[in-house]
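Visitor: Chain residues, written in single-letter form:
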Amino acid sequence: MDFKKADEMLKICETKGLSISEVMKQRECSQFETTEDEIIYKMKNAWNIMKESATTPTKTAVKSMGGLIGGEAKKLNEHRAKGKSIVGNVMSKAITYSMAVLEVNASMGLIVAAPTAGSSGVLPGVLLALQEEYKISDDRIIDAMFNASAIGYLAMQNATVSGAVGGCQAEIGVAAAMAASAATELMGGTPRECTYAASTVLMNMLGLICDPVLGLVEYPCQNRNASGAANALVAAEMSLAGITQMIPLDEMLDCMYAVGKRLPTDFRETAKGGCARTPSACALCNKHF
Amino acid sequence: MSNISVFDVLGPNMIGPSSSHTAGASSIAYLAWKMAGGNIKEVEFTLYGSFAKTYHGHGTDKALLGGILGFNTDDKRIRDSFKIAEDRGVKYSFIINEEETDVHPNTVDIHIITAQGKALDVRGESIGGGKCRIVKIDGVPVEFTGEYSAAIVVQKDMPGVIKHIASALSDRNINIAFMKLFREGKHERAYTIVETDGSLPEDLKEAIMQNKNVEDVMLVQI
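Taken in order, these protein sequences are the chains called A and B. Just so we're aligned, residue 629 is where the first sequence starts under this note's numbering, counting upward by one. Just so we're aligned, residue 6 is where the second sequence starts under this note's numbering, counting upward by one.
Possibly wrong hints are sitting among the right ones.
[Unchecked claim] Covered stretches of chain A, going by a simulated chain B footprint (3 or more residues, C-beta under 8 Å):
#1 664-675
#2 740-748
#3 833-847
Rather than coming from a laboratory, the hints here were simulated on the basis of the structure. Remember, predicted model here, so these are calculated numbers, not experimental data. Beta carbons: idealized from backbone N, C-alpha and C, even for Gly.
Please model the entire structure based on the sequences and the hints provided.
Guide: Below, the structure is given as structure tokens:
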């Protein structure tokens, strides 16, 4: 069993009455001659790594290799603990955990690329926030990860997840689309509603450039993981409320890819434009090199 | 790109911060470590392109050295690889080459001396998402990725060697996935790279070495 487009995936889901996560598991087993037990075991391992990387820096600040970030997750965590969060627990936790993962990543800790290292905070951030706030079992989170990987697979198959090719919209944008779809399934949405949520995110993050200060996976990457997590929750909320999207996921992926390829190379991970070329960033540049 | 798995999307499990500059770099060195048969005494890395420019902030140097110590991409010891190398008495150095630009942006040359005094030169490229490929062995252009277990045979380019290698594999019931021959020139040194399904038995090396035109065999188990 295989599919190459979101439209084909939805047809399989709707004719067989299956969720996206179930269809993705079946695809994996049939395409890679493996068993469901095997892939669930591997996914559990990935989830354990994600949880650890999302929580460790909330207690102890971690300083990055490049020295541009460190301690953000702890600040957010303390802010919420004092009852001062203005966005509520789900959103507050999602952005805390997604920033935490980037702290671990930037300090040479262990993370799961999702779909890339620079965007590795979004999915664990959203999933762990929902798990804690809605008392969701690990087994259901594992399913949601298969749902997320279906959206990531479609992006890799039909567009790109590389910042050097398509800008940040391809990294954080896709990571957030994955998280939006996973959150939608987790909270009771249909497969089609999952794709609406993914479409919404790609639309809302369309054109976002990749402009890392000093060329490092730190800043603004960490901020954008938080913003990706927030975008994912916004899109999932809209979709679960019954808001449909006139542009389907396949078209949004093509659109994101087309926009990405037309971005000047200065805005695609070269650190030659955007935030990386602001006076404050350039001042650091002179100090570092 | 070949067929995409869920673990290409959610993965690799890796030491950060960059799949291309950290995970891909450690993968190249890890393959070189396997090719050298472990136990490396001295290593010199030459970094090109983006590796040369941003290696420090991405921990490319620690990742490369970690790979040479036999650490896989998700091994937390990578962060401390400088200290571990010193403890183990492994000599290492890094050369930055920003003059040569006619290479893949993330390229490294690894010059290895093993404890047995054998020298090995490997060039690798980190091609994105933590994936890599080896593109030169001892200066000869080759290509393999480390996705499959591989036997790398260093031989004189003479008739009968390929047949000998194929028989050694078939005698052990090993299925060949890909087989490629790379050579310096007619009747000169050549490299046969056989990528196989499943693992390779240790006695395979000895069996292939039986042919008088075979100089060396490296087994890379995945």
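Visitor: Give a verdict on every hint.
Guide: We went through each hint and held it up to the structure:
Against chain B, the region 664-675 of chain A contributes 5 residues with a C-beta closer than 8 Å to a partner C-beta. That satisfies the three-residue criterion, and the hint holds. Under the rule that three or more residues need a Cβ within less than 8 Å of chain B, the assignment of the region 740-748 of chain A holds, with 8 such residues. Here the region 833-847 of chain A counts 5 residues with a CB under 8 Å from a CB of chain B, which clears the bar of 3, and the coverage holds.
Of the numbered hints given earlier, the model fails none.
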